[in-house]
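Whenever a hint applies, use it, and build me the whole structure from the sequences.
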Amino acid sequence: ETGVTQTPRHLVMGMTNKKSLKCEQHLGHNAMYWYKQSAKKPLELMFVYNFKEQTENNSVPSRFSPECPNSSHLFLHLHTLQPEDSALYLCASSQDPDRTYEQYFGPGTRLTVT
Amino acid sequence: AQSVAQPEDQVNVAEGNPLTVKCTYSVSGNPYLFWYVQYPNRGLQFLLKYITGDNLVKGSYGFEAEFNKSQTSFHLKKPSALVSDSALYFCAVRDGYGNNRLAFGKGNQVVVIP
Numbered sequence: 797e798t799g800v801t802q803t804p805r806h807l808v809m810g811m812t813n814k815k816s817l818k819c820e821q822h823l824g825h826n827a828m829y830w831y832k833q834s835a836k837k838p839l840e841l842m843f844v845y846n847f848k849e850q851t852e853n854n855s856v857p858s859r860f861s862p863e864c865p866n867s868s869h870l871f872l873h874l875h876t877l878q879p880e881d882s883a884l885y886l887c888a889s890s891q892d893p894d895r896t897y898e899q900y901f902g903p904g905t906r907l908t909v910t
Numbered sequence: 002a003q004s005v006a007q008p009e010d011q012v013n014v015a016e017g018n019p020l021t022v023k024c025t026y027s028v029s030g031n032p033y034l035f036w037y038v039q040y041p042n043r044g045l046q047f048l049l050k051y052i053t054g055d056n057l058v059k060g061s062y063g064f065e066a067e068f069n070k071s072q073t074s075f076h077l078k079k080p081s082a083l084v085s086d087s088a089l090y091f092c093a094v095r096d097g098y099g100n101n102r103l104a105f106g107k108g109n110q111v112v113v114i115p
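Quick note, the sequences are listed as chains G and W, same order.
Per this note's numbering, residue 797 is the first one in the first sequence, and the count goes up by one each step.
Per this note's numbering, residue 2 is the first one in the second sequence, and the count goes up by one each step.
Derived from the structure by calculation, the hints contain no laboratory data.
Cβ atoms here follow ideal geometry from the backbone N, Cα and C, with glycine treated the same way.
Possibly wrong hints are sitting among the right ones.
Each computed BS3-like pair below joins lysine-lysine, with the alpha-carbon atoms no more than 30 angstroms apart [claimed, not checked]:
id	chain 1	residue 1	chain 2	residue 2
1	G	Lys837	W	Lys50
2	W	Lys78	G	Lys837
3	W	Lys78	W	Lys23
4	G	Lys832	W	Lys78
5	W	Lys70	G	Lys814
6	G	Lys837	G	Lys814
7	W	Lys107	G	Lys836
8	W	Lys50	G	Lys832
9	W	Lys107	G	Lys815
10	G	Lys837	W	Lys59
11	W	Lys107	G	Lys818
12	W	Lys50	G	Lys836
13	W	Lys107	G	Lys832
14	G	Lys832	W	Lys59
15	G	Lys848	W	Lys78
16	G	Lys837	G	Lys848
17	W	Lys23	G	Lys836
18	G	Lys815	W	Lys78
19	W	Lys59	G	Lys836
20	G	Lys832	W	Lys23
21	G	Lys815	G	Lys848
22	G	Lys848	W	Lys59
23	G	Lys836	W	Lys78
24	W	Lys23	G	Lys818
25	G	Lys837	W	Lys70
26	W	Lys107	W	Lys50
One side only, chain W facing chain G, incomplete, derived with CB under 7 angstroms [as the list claims (entries may be wrong)]:
id	residue
27	Lys23
28	Tyr33
29	Phe35
30	Tyr40
31	Arg43
32	Gly44
33	Tyr51
34	Ile52
35	Lys70
36	Arg95
37	Asn101
The structure is reproduced here in structure tokens:
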């Protein structure tokens with residue numbers, strides 16, 4: 797295990813639902829990330845947090861809303877999603893966002909939007 | 002912006018034979034290079050990284066990678082492949098100058114044949 801946990805592991809939701817994804821890291825890291833992984837495509841960075849402050853939003857639609865209450869927890873709030881949002885959502889953490897540090901990933905949440 | 006190319010969709014290799022997964026990159030400054038592996042229904046696991054120093058980098062599970070600046074490559078290698086090495090492998094790069102984003106390749110599926 798990498799020290800990064802994600803819940804739920806699988807989620808099916810309708811386009812009018814509101815749900816949240818949760819990520820927790822037990823590594824004492826200061827930076828946390830959300831990625832979207834779709835089949836046959838490179839990982840897409842969505843958000844970056846450093847010391848609880850959002851430092852990057854990679855032009856993500858407002859139907860995705862991140863929250864980082866502390867350095868160990870990261871949430872992704874979902875509402876009025878589209879079928880094309882179905883993907884594997886990965887959370888990651890690193891010691892800090894400095895470019896020399898590797899990232900540690902959780903197992904992901906497999907999201908299906910119906 | 003930084004980018005990574007992993008030219009092959011799938012790499013097939015017989016168990017016990019050498020394994021090579023190719024990666025080329027493009028950055029403005031000095032590259033910081035990473036390899037990750039993803040097993041089914043799991044998140045990405047860090048294998049190794051090149052930041053500076055010796056061009057040959059050794060990592061987890063017997064993997065190594067060679068940084069070649071003139072060819073802008075960072076190929077992943079293992080002298081003797083195991084069936085358990087069958088997985089999806091991702092190369093990633095960060096630019097040492099400017100944008101701090103970690104750019105991933107689309108991944109290579111490695112199949113080790115018993």
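Evaluation of the provided hints:
no. : hint                : result
1   : Lys837/G x Lys50/W  : holds (22 angstroms)
2   : Lys78/W x Lys837/G  : holds (23 angstroms)
3   : Lys78/W x Lys23/W   : holds (9 angstroms)
4   : Lys832/G x Lys78/W  : holds (27 angstroms)
5   : Lys70/W x Lys814/G  : violated (48 angstroms)
6   : Lys837/G x Lys814/G : holds (26 angstroms)
7   : Lys107/W x Lys836/G : holds (6 angstroms)
8   : Lys50/W x Lys832/G  : holds (22 angstroms)
9   : Lys107/W x Lys815/G : holds (28 angstroms)
10  : Lys837/G x Lys59/W  : holds (27 angstroms)
11  : Lys107/W x Lys818/G : holds (25 angstroms)
12  : Lys50/W x Lys836/G  : holds (23 angstroms)
13  : Lys107/W x Lys832/G : holds (12 angstroms)
14  : Lys832/G x Lys59/W  : holds (29 angstroms)
15  : Lys848/G x Lys78/W  : violated (38 angstroms)
16  : Lys837/G x Lys848/G : holds (29 angstroms)
17  : Lys23/W x Lys836/G  : holds (17 angstroms)
18  : Lys815/G x Lys78/W  : violated (42 angstroms)
19  : Lys59/W x Lys836/G  : holds (28 angstroms)
20  : Lys832/G x Lys23/W  : holds (23 angstroms)
21  : Lys815/G x Lys848/G : holds (21 angstroms)
22  : Lys848/G x Lys59/W  : violated (33 angstroms)
23  : Lys836/G x Lys78/W  : holds (22 angstroms)
24  : Lys23/W x Lys818/G  : violated (34 angstroms)
25  : Lys837/G x Lys70/W  : holds (26 angstroms)
26  : Lys107/W x Lys50/W  : holds (18 angstroms)
27  : Lys23               : violated (16 angstroms)
28  : Tyr33               : holds (5 angstroms)
29  : Phe35               : holds (6 angstroms)
30  : Tyr40               : violated (10 angstroms)
31  : Arg43               : holds (5 angstroms)
32  : Gly44               : holds (4 angstroms)
33  : Tyr51               : violated (10 angstroms)
34  : Ile52               : holds (5 angstroms)
35  : Lys70               : violated (17 angstroms)
36  : Arg95               : holds (4 angstroms)
37  : Asn101              : holds (5 angstroms)
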